[in-house]
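Undergrad: Each chain, written out:
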Amino acid sequence: MKVLVPVKRVIDYNVKVRVKADQTGVELANVKMSMNPFDEISIEEAIRLKEAGHAEEVIAVSVGVQQCQETIRTALAMGADRGIHVVHDGDIEPLVVAKILKELVDKEGPSIVIVGKQAIDDDSNQTGQMLAALLGWGQATFVSKVEIEGDSIKATREVDGGLETISVMLPAVLTTDLRLNEPRYASLPNIMKAKKKPIEQFTPVELGVDPSCRIEILKVAEPPTREAGVKVSDVGELVDKLRNTAKVI
Amino acid sequence: MDFALTAEQTLIVDMVRRFVQEEIIPLEINLDPDADELEPEVLERLTDKTKAMGLFGLDTPPEYGGPEIDMVTRVLIAIECSQHRAGIYTPCYGAFGGARQAQLFEATEVQKEKYLYPMLRGEKRVFFGLSEPSGGSDPARAIQTRAVRDGNNHWVLNGTKLWISGADRADYGLVFARTGGAGRAGVTAFIVETNWPGFNVARVVHTLRSAKYATEIQIDNLRVPHENILGEEGGGFAIANDRLARQRVPYAAECLGAAIKAHEMATEYSKIRETFGATLSARQGIQWMLVENEIDIRAARLLVLDAAAKSDKGLPFRTESAIAKLVCSENGFKVIDRSMQIHGGLGVAKDLPLERWFREMRIRRIGEGPSEVQKHVIARDIIGGSLR
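Chains as they are written, first to last, in our numbering: chain A, 1 to 249; chain B, 1 to 388.
Among the hints, erroneous ones may be present.
To be verified - Below 20 Å or equal to it, Euclidean Cα-Cα: the simulated SDA-like pairs (lysine to any residue) are: (1) A/LYS154 <-> A/SER111; (2) A/LYS16 <-> B/ALA52; (3) A/LYS32 <-> B/VAL13; (4) A/LYS196 <-> B/GLY54; (5) A/LYS16 <-> B/LYS271; (6) B/LYS51 <-> A/ARG184; (7) B/LYS271 <-> A/THR225; (8) B/LYS271 <-> A/ARG226; (9) B/LYS51 <-> A/GLU44; (10) A/LYS195 <-> B/THR10; (11) A/LYS196 <-> B/ILE382; (12) B/LYS51 <-> A/PRO183; (13) A/LYS197 <-> B/ALA7; (14) B/LYS49 <-> A/PRO37; (15) A/LYS193 <-> B/LEU5; (16) A/LYS195 <-> B/GLU368; (17) A/LYS32 <-> B/LYS49; (18) A/LYS32 <-> B/ALA52; (19) A/LYS20 <-> B/GLU268; (20) B/LYS51 <-> A/SER111; (21) A/LYS196 <-> B/ILE260; (22) A/LYS193 <-> B/ALA52; (23) B/LYS271 <-> A/VAL17; (24) A/LYS193 <-> B/GLY65; (25) A/LYS16 <-> B/ARG298; (26) A/LYS32 <-> B/GLU268; (27) A/LYS16 <-> B/GLN21; (28) A/LYS32 <-> B/GLU8; (29) B/LYS51 <-> A/PRO189; (30) A/LYS32 <-> B/ILE69; (31) A/LYS193 <-> B/LYS271; (32) A/LYS16 <-> B/GLU268; (33) B/LYS271 <-> A/VAL19; (34) A/LYS32 <-> B/ARG298; (35) A/LYS193 <-> B/LYS51; (36) B/LYS51 <-> A/GLU182; (37) A/LYS195 <-> B/GLU22.
Keep in mind that the hints were calculated from the coordinates and are not lab data. The structure displayed is predicted, hence computed values, not measured ones.
Chain B with its partners taken away, still in its complex shape (with noise of 0.2 Å):
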């Protein structure tokens, strides 16, 4: 077995380490420490130069545009791109391509024209609309919002949506609302612009993340067109169900690089500070709590390229992607954990990026799908496996 990466594969990560060091750190400095938007000629200038680096639109399918990367080189790249202090839910401020609406890659080609295109090229933004106050891990069973037929070209829609990022910025979305009865075939998903009537932001919902907040979006009588159903109708659930498990996996990696630089600094750190005579990596407490860092971190890379190699290779992954989420998130948290510690009072302070690591790197543990859910797809594979 050959963990080593292949020339390519050094070049790129190479390529990309430097990117952050050189472009995007040092903008930082003068940024706001929850900053998570760069000025548009700035993000402009930064995406020239992805452009030219061939690497811009890293979630976007070749055959629309995006670089030809495996999910092992993405993985890689994603582990760079996350290291620095907005990397966990902006790495690079998002000069390496758009959102990841991997549902969209789906639709219609009239709808694609419409919709995918414009977010594609970043002219639009979208949201996506699944979660509601009655539950977002298990929205099959979850989801109240209804939608009725009136006629034979429109939809009516009504309900509540909950923890929705960025709806009140967005362009356009995704919602899903039940069509027809309870479980899984019961829920269609509509492409919703946000601007239509009856669409409304009814608030912001403040959470550790400080510069992006969620939203609580009420849906009151929302006429929608019936060529805005995505896929089928009682099919919201049909669609893109491998793509939403590919994105799983460069999500685990995103722990991981804020993880390894929280690591780096706090490494350094105890190199450098004296207490009692002594610096702190001459103290055994200091020094396992730098091993543990070590070790989760190993163990949450090996794990999440394991999964990438498996999805590239074609082989099943399901399972894999759930431990690498789950690893990647639990592990990254602990490491920067004890890097704060580590740091002392400088860890909690803003001039830092460890005290954002730790309110985002606290979100990832129950962002898309919980630990406690991931345990529960990996369970779900393990009992019902066959024998080895």
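Bound conformation, chain A alone (with noise of 0.2 Å):
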């Protein structure tokens, strides 16, 4: 069976973001961007599935600017085997790339689709669930431990308070949780493999999707910077702050 698994290209997690001074999105100029840490886990997990002689292919898909390659390239570097870009520029949301998922899967036919739980830029936390929505799958998200059973999945879930184990029949979407799995780091002879592998490229449009946002943002703003605290003298004096100044109790 074939796995498809979406890659997302988002700032690297290590750097410090920065809102643009007109409050229109965050500073992208010459910061470095990689891809989605949840998508590597999948990415991580598809291979993983192949290694064990469950998935005969693992295919990589970014959506968005020409560079998306490059993340594209990275996927292909751990041991994806080809990648498809939908090439677009500016602003894409949740529900136009679970559009353009859904067409990809109906042109591939993959079992499989493993989506990071969501992106460390937005945090929407929507595509994986809106994707098995228009398939009409299945779908185990936040899993941290995936096992193929036959036809179905056995899936743990991290929910709150615990861990949930379900089983979901093939074909499924699986959103990705940070325990999942620890993402392996590239190696030189897939690097080297990963320049001969295809990419093949669309537009929304090539593939019938409308590619318009239905949201407009109308201002970014940096968190409030958090105060110093106080010190209380007492017991008595911390009461009082409670109840007459943080007026939480």
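Hints are included, so try docking the two chains, each in its own frame, into the full complex.
TA: Encoded structure:
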């Protein structure tokens, strides 16, 4: 079976994000970009499925600007087999990405789509769920363990207050949580091979998807700076502050 | 002229940078500030990763199982590998593979089995015994250690070696000794095992490097089998000259890694540190220091990449590697000095890596050929060169 893995190009997790002076977004000029860390976990899981003999092919997909090819190459250097780049300049929303992925699923016929549970830039946490709905497939979100059992998947999910184990029929959409695996480093042989692996290109329109946005961003602002705390001399003063200043009791 | 990295080089740099950030720097939080070794099981966990990355044995030629990378890529990796506290002298604590004893690749098959392969596998440690109290920059003239033939099968060595790193921890190494008259042709290289009678580590020589010290070796009637001559008798300097010029290039690049990191730290710190109501970064005096750092780093980077590119193209690169070594160590030292100055008192504290880099980078201006000897080489090539 085939596994499809969307990979998003985001600001590198080590970079300190700065809001643009005009508050229309965050500063992207000269900022290091990398693959969304949750998507790395997805790629790792897909490669493990291939190494375990469950999958024959891992396809990495990215939607966005020309440089998304670098993100796809990173996936290929980790061990994905080929790439698909849906070229689009400008903002793109989870629903549009989900529609594009649906078209690609119809084209490629994968049995599993492994999606990062969220991207670290907009933290939407929507694409995987929307894709499952559009496809009419089952989904296992926030998975921290995946086992293939015949024509279904046993998945452990990280839910509030503990772990939940569910069984999902294939085909299915999985969204990955942090503890699913530890992604491998790329390797020199795979980096050299990555150059020869094909990356197909489409536009959203070629796939029959309207990429226009439904959400208008009005303003992006820095979180308020934390103010210094105060020391209290005794319990009485603490209770007084909690009641009258913080108004939490 | 295009200075851009290839897509592959970009991926390799990313991979190594991440390895340093995620595997090496977190370890250093719990290590002694002067540590230069990891626990064997920790090192093994890391070498498992570098082997999976296909980058173990960076200085091992591909025919001996090293990775197939060109010198430009080797330099880019060296710049990344050295961006941590111990990075100047022990990039990634040796996780990318062993010592650089380029000469042993010129050994005979029998010698390789016994001495080269165990070193490449990381099982044995090796020292390099060239310098003597009489000097290290011009060893062809300075070497006074004598080797005298004793019958058909043995040589007897007598003399003193100085500034020899790791001889007290090594299993074997190279000792250069005079077998003939004055000059280059009179010197022979011997492979000497450290447990042979007559081989004594006389003392440890403490230097600016707290972690690793040099040693003085006393050689008293040390009997060495004839088959342990490396290369030809009288050919001690002929062996591996090309490989030696080659290993000077990543050596230069390692000076740059620490400088880049120091500059980054100074830039970040200048933006948060306030004095008299303004950040340091708002002061022109500090800005100019940062500008000079930036220019020193960029100039050195281009020069070391130029040396690497010429070596990859099979062009002569002796002048270029001398320039790269000189500029990377001199500029690297200036950058670290300025970055330390910007950090003030913090700069000299062992809480930050700057003080260790400062000490170790000072040695880099002397080790592997002092700046003045590099200038000597460059001058010889300029004056001896034809008009262009």
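Undergrad: Run every hint past the structure and note whether it holds.
TA: Hints, one by one, checked against the model:
1. Proposed proximity of A/LYS154 and A/SER111 is supported: the alpha carbons are some 15 Å apart, at most 20 Å.
2. For the proposed pair A/LYS16 and B/ALA52, the alpha carbon gap of about 31 Å is over 20 Å, so the pair is violated.
3. Distance hint between A/LYS32 and B/VAL13 is fulfilled; the C-alpha atoms sit about 13 Å from each other, no more than 20 Å.
4. Among the hinted pairs, A/LYS196 with B/GLY54 is consistent with the structure: their alpha-carbon atoms are about 18 Å apart, no more than 20 Å.
5. Under the criterion of a C-alpha separation no larger than 20 Å, the hint pairing A/LYS16 with B/LYS271 is consistent with the structure, at around 13 Å.
6. About 12 Å separates the Cα atoms of B/LYS51 and A/ARG184, which keeps this hinted pair within 20 Å; it holds.
7. Annotation: proposed proximity of B/LYS271 to A/THR225 holds, straight-line Cα distance about 16 Å (limit 20 Å).
8. Restraint check: the Cα-Cα separation between B/LYS271 and A/ARG226 comes to about 18 Å, which is no more than 20 Å; the hinted pair holds.
9. For a cut-off of 20 Å, the pair hint linking B/LYS51 to A/GLU44 stands: about 18 Å separates their Cα positions.
10. Using a Cα cut-off of 20 Å, the hinted pair A/LYS195 and B/THR10 holds, with the two alpha carbons roughly 12 Å apart.
11. A C-alpha spacing of about 44 Å is found between A/LYS196 and B/ILE382, which places the hinted pair above 20 Å, so the restraint is violated.
12. For the hint pairing B/LYS51 with A/PRO183, the CA-to-CA distance comes to about 16 Å; that is within 20 Å, so the pair holds.
13. With a C-alpha separation of about 13 Å, the suggested pair A/LYS197 and B/ALA7 falls inside the 20 Å cut-off, and the hint holds.
14. Taking the CA atoms of B/LYS49 and A/PRO37, the gap is near 19 Å; set against the 20 Å cutoff, the hint holds.
15. With a C-alpha separation of about 17 Å, the suggested pairing of A/LYS193 with B/LEU5 holds against the 20 Å cut-off.
16. Restraint check for A/LYS195 and B/GLU368: not satisfied, since their Cα atoms lie roughly 37 Å apart, outside the 20 Å limit.
17. As the CA atoms of A/LYS32 and B/LYS49 are separated by approximately 24 Å, the hinted pair breaks the 20 Å bound.
18. The straight-line distance between the Cα atoms of A/LYS32 and B/ALA52 is roughly 25 Å, outside the 20 Å bound, and the hint therefore fails.
19. Taking the CA atoms of A/LYS20 and B/GLU268, the gap is about 19 Å. The hint holds against a cut of 20 Å.
20. At most 20 Å may separate the alpha-carbon atoms for a hinted pair to count; B/LYS51 and A/SER111 exceed this at roughly 33 Å.
21. Between A/LYS196 and B/ILE260 the CA atoms are separated by roughly 33 Å; this puts the pair beyond 20 Å, and the hint is violated.
22. Only pairs whose Cα atoms come within 20 Å are accepted, and A/LYS193 paired with B/ALA52 is accepted, the gap being roughly 15 Å.
23. For the given pair, B/LYS271 sits about 15 Å from A/VAL17 by alpha-carbon distance, which is consistent with the 20 Å threshold.
24. Distance check on the hinted pair: A/LYS193 and B/GLY65 sit about 19 Å apart at the alpha-carbon level, within 20 Å; holds.
25. Taking the CA atoms of A/LYS16 and B/ARG298, the gap is near 24 Å; set against the 20 Å cutoff, the hint is violated.
26. Proximity of A/LYS32 to B/GLU268 is assessed by CA-CA distance (about 16 Å); at most 20 Å being required, the pair is judged to hold.
27. A hinted pair counts as satisfied when its Cα atoms are at most 20 Å apart, and A/LYS16 with B/GLN21 qualifies at roughly 15 Å.
28. About 17 Å separates the Cα atoms of A/LYS32 and B/GLU8, which keeps this hinted pair within 20 Å; it holds.
29. With a C-alpha separation of about 11 Å, the suggested pairing of B/LYS51 with A/PRO189 holds against the 20 Å cut-off.
30. A C-alpha spacing of about 25 Å is found between A/LYS32 and B/ILE69, which places the hinted pair above 20 Å, so the restraint is violated.
31. Straight-line distance between C-alpha atoms of A/LYS193 and B/LYS271 comes to about 42 Å, which puts the hinted pair past the 20 Å bound.
32. Among the hinted pairs, A/LYS16 with B/GLU268 is consistent with the structure: their alpha-carbon atoms are about 11 Å apart, no more than 20 Å.
33. Taking the CA atoms of B/LYS271 and A/VAL19, the gap is near 17 Å; set against the 20 Å cutoff, the hint holds.
34. As the CA atoms of A/LYS32 and B/ARG298 are separated by approximately 19 Å, the hinted pair is consistent with the 20 Å bound.
35. As the CA atoms of A/LYS193 and B/LYS51 are separated by approximately 17 Å, the hinted pair is consistent with the 20 Å bound.
36. For the given pair, B/LYS51 sits about 17 Å from A/GLU182 by alpha-carbon distance, which is consistent with the 20 Å threshold.
37. Taking the CA atoms of A/LYS195 and B/GLU22, the gap is near 26 Å; set against the 20 Å cutoff, the hint is violated.
Taken one by one, the earlier hints fail for this structure at numbers 2, 11, 16, 17, 18, 20, 21, 25, 30, 31, 37, listed in ascending order.
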